[in-house]
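S.K.: Start from the sequences and build out the full structure, keeping to the hints where you can.
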Amino acid sequence: MSKFYVVFVVGMALLMNSCGDNSSSEELLKSIDINKPIYRILTYEDTGLNFMNKIQETTTMNGFYYEYYYNGGGVAVADFNNDGLEDVYFISNLRTNKLYLNQGKLKFKNVSVQSNTQGRGGFPTGVSVIDINNDGLKDIYILKSGRFEDDELLKNELLINQGVNSNGLPMFKEDAASYGLDLPHYSTQASFFDYDKDGDLDMFLVNHNIETYDLENIEEIQKESSDRIGEKLFRNDNGFFIDVTANTGIVSNNLGFGLAVAIGDVNNDEWPDVYTSNDYYEKDHLYLNNKNGTFSEVSLKAFNHISTFSMGSDMADINNDGLLDIMTLDMMAEDNYTQKTSMSGMNVANFYKVEDLGLHSQYMYNALQLNNGALLEESIPIFSDVAQIAGVSSTDWSWAPLLFDMDNDGNRDLFITNGIKRDFRNNDFVNYFEEKYQEGKRKKKIDLVEHIDDLLDRLPERAKQNYLYRNLGNLNFQKLNMEQPETFASGAAYADFDNDGDLDVVVNNTDDFAHLYENIADSNNYIDISLKGYPKNLDALGARVNIYTKGHVSMAENFFTRGFQSSMAGPMHFGLKDNAMIDSIVVLWPNGKYQVLNEIVSNQKLEIVYDPNKEYPSQNDLNPIFKENTLGRGVDFTHAENDYNDFELETLLPHKMSQFGPALSVADVNGDGLEDFYIGGAKGQKGVLYLQNENSSFHPLKISDFEKDKNHEDTSALFFDADGDGDKDLYVVSGGNEEEADSDYYQDRLYLNGGKGDFHNVSSALPTLTASGMSVDAHDYDQDGDLDLFVGSRLLPKKYGLPAKSYLLENKSESEEIRFEDVTSELIPEMLKFGMVTDAIWIDIDGDTIKELLISEEWGGISIFKYEDGRFSNKSELWGLKNQIGWWNTIVPSDIDDDGDIDILAGNLGLNYKYKASHDAPFHLYVNDFDKNSTSDIVLGFQQSDKQYPLRGRECTSNQMPFVKKKFETYDAFAKASLQEVYGDGLTNSIHRKATNFASGIFENVDNKRFEFRHLPNEIQISSINRILPHYNDDSNRTDLVLLGNLYASEVETPRNDASFGHYLRNIGAFDFEVVPSKSSGLVVRGDVRGASFISLGHKGDEAILVARNDDRLLLLEINE
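According to full-length UniProt numbering, the stretch in the sequence shown is residues 1 to 1121, in order.
Hint data in this document are derived by calculation from the structure and do not stem from the laboratory.
All the pointers check out, no bait thrown in.
Listed below are the simulated DSS-like cross-link pairs for lysine-lysine, each with C-alpha atoms no more than 27 Å apart in a straight line:
#1 Lys882 / Lys866
#2 Lys301 / Lys291
#3 Lys756 / Lys702
The model shown is predicted, which means the values in this text are computed figures rather than measured ones.
M.R.: Structure below.
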């Protein structure tokens, strides 16, 4: 860990968030006037920017001939004549590039011919700004690609700035060859940086293949390489650039479709790292700098999932925590119509094949990867994709993301360019294309001109508006409305073109004039910082700047290449909100030296010249609260989930129902005063009992009956005294979805303890249980001196959404016979056809000393059943719990506010998932035999613009219900149809459930009469919460919370819920919590958590946490207090 990072962390306060306000995030969003403009578009008549990237189509020049024909061109911003005004350079794919000098007052002059900056033809794509010879003049590096046989048309160009002539115009000379940069590659973009810290600037180059490939060819293509394709690293050797890719750990095979490169220090070790965006099957790459001239590609460890068709990218600190976050763009549309017409159904087998090839879990959504810090042993940073909760996941066919402060409030906002001239993904066109292809094969002869003209006529355009989001903090981004046309926008760059203290934006459009977005936001304070470095890196590329103002810290790094095919070399801009004075500015120069300036006045352009004046002393690393020591305690268990495809039978399932294990339960089973535990197995895997040793380690105890019962799926377990002999017996719930209902596979098991942990199966004491189980809890509800059981059923196997029977089992054991009787129909008949139970617990809610039964559901609320007059009655509505319908995963009773009554901690799906739900726009489930084939079908529906639509597309839906394809012969027709128009009367007599709240939170007990729901902080909503562990803090005398979760079983069109690494909430009273970041708490739990429990270690009772994860290692986390 770097000294700089430690100092930064120590200086930062813990993130403070409150769940005391029931809807703080919603109210924050409502408080923003989304119609109040920040920008207005100026036309070329206003600005003189009369540039148009005209893309003309011919028989041999079109997107069928060259896949990236419509990707558009980049744009560069820099002060090319050093007059204090930022100028603009546009890339034209087919015509000539253009340089416009800024004349002031947002007026520009075309000087392309005079300055010799038009370029030499070919098919230019991206542009980078660099002072290649460190003479104080900005030079221009032009990237090229295209399907050419002549290398001269592919060679990248380097325009060297010769300085201004007598008329004040900058003059340029092409001289790429002298620097070794006249590369005949299929290039998209380049970025310059000092990767080896030798003082000069090296270059990272991203190229792309010009041939597309099928999935079955991936393995072979991965083995192939080319000088023109893939990612390349060039080292600067005395002004000449040498390709050192082969020996530096850079992936450079023919699978690469590189579209962007972003550079920054993502693990805060003071060395620059590299992120590359790849289209198609190749994964995005994150290269960590090894500080020895090589890199390690760590994307599989750093990210839980990534975008599929990654376009542009940017790196910036979006939440001001001193860590660089990463934004990548894809092609998922926001509106229902475009989603349905342009997104094909994901092939489940293909999805997992890509995963198995090491190419990551890829989803066709934007990704906003929030950096949690370098928490792994190899100093690898771990990221959480928060695009869904931030509201930036779906922005259509997008190209350039730019993270910068639009309104000078200190938060980095988001600008996204959008649209493409031809929509190759339009499903109706894809079908037409296939028809014409087959027709051509039959005819064996076609008129090429007529054929191409016909296809181009059929190929739809996809013009879209650009997206602008204001960052409100706390992972909230608000989409802003403004008057703007629909365009095919690609490259974009920001700069303060009129020197008024805020950032404007220039956009390169295809087939339209360039747009300049003038910033007209209300004035906040700002500072612009220009860095003047040392001789071989005069622009100080790679420097990091921190701005300290009244407890607020803003951080940025100085790299020019950003977004898509574009470059911006203006001053580093920082919004200061209402701060008129900056406490301090800290510059970390690229060579590791520091410079500090104090008490700086805002609202100025400040040049900082290299003059390091500060040395920071070494700091001790932060002492984490949690530390994993699983193997050190003798625990070595890995849950091995069996391979089963739930979607083969139920195509439209929202997620698998067969992956809810393993079970976990803790108790002292052998009477030695030390706690032991049972960890369940998957189908085909036996459960294991671990006994604790005197030295606080554990050893597994061989139980023959566990081996005999290994063909069950253990989803829940409970130690309790079934026979009243004073020791702990074991109940294991059988779940899953692999077998038909009524199968013995779902029969729960009861194991009696002989007193020393020697368990044997007495499942004959149980009645037949035929549903897929999920939870169990024990309580002597009838007060007859023995423990009874409630067993909650998760589902009716293979029939998602249908009500399943849960069980009330009365203990009717006698001295020589253990027996539990099913009394559900007599005492709690509502359970005969109840919902999809996820958790259940007995607790005295109303303080009358009689425990109630508390139940949570998927597609249900939190239910309370009270035992009175010999029966159970549902009191949920009386307690105000009927309206919070969610996908509740866990419920934990706790007096969280220390007022003497029991509140309910409730884990839900979270707000970072594709599925959204609110009272105004619920998320719907309908179950019926829609196609009349004697099997139930699932229909998920969502609301958009006051109309309900099917969630799934035409292809997936028709795979389950073939009548849909016949009823709607085109994707266009299906996309325009409402849910009612698709399914008609079938909805009327369906089983219908609707979710209204996916947020995790706390149900506050008000006067032992009703519950009021309070959201947990937004940082907690980034994934599902499956387990909540209240932890009493002796120092504060309050109950803190440990929350664990994730959902890895989602269907493959929905990004899995994997953003959580666990959360530690410090209770500061009155339902307020400090969210302790993982980098401070040490809580790092990756994976699909299905069970968690405290366990005492040794006779002193030192606390630890056991964490059971589906298809992963069991973890033991020691607590350091």
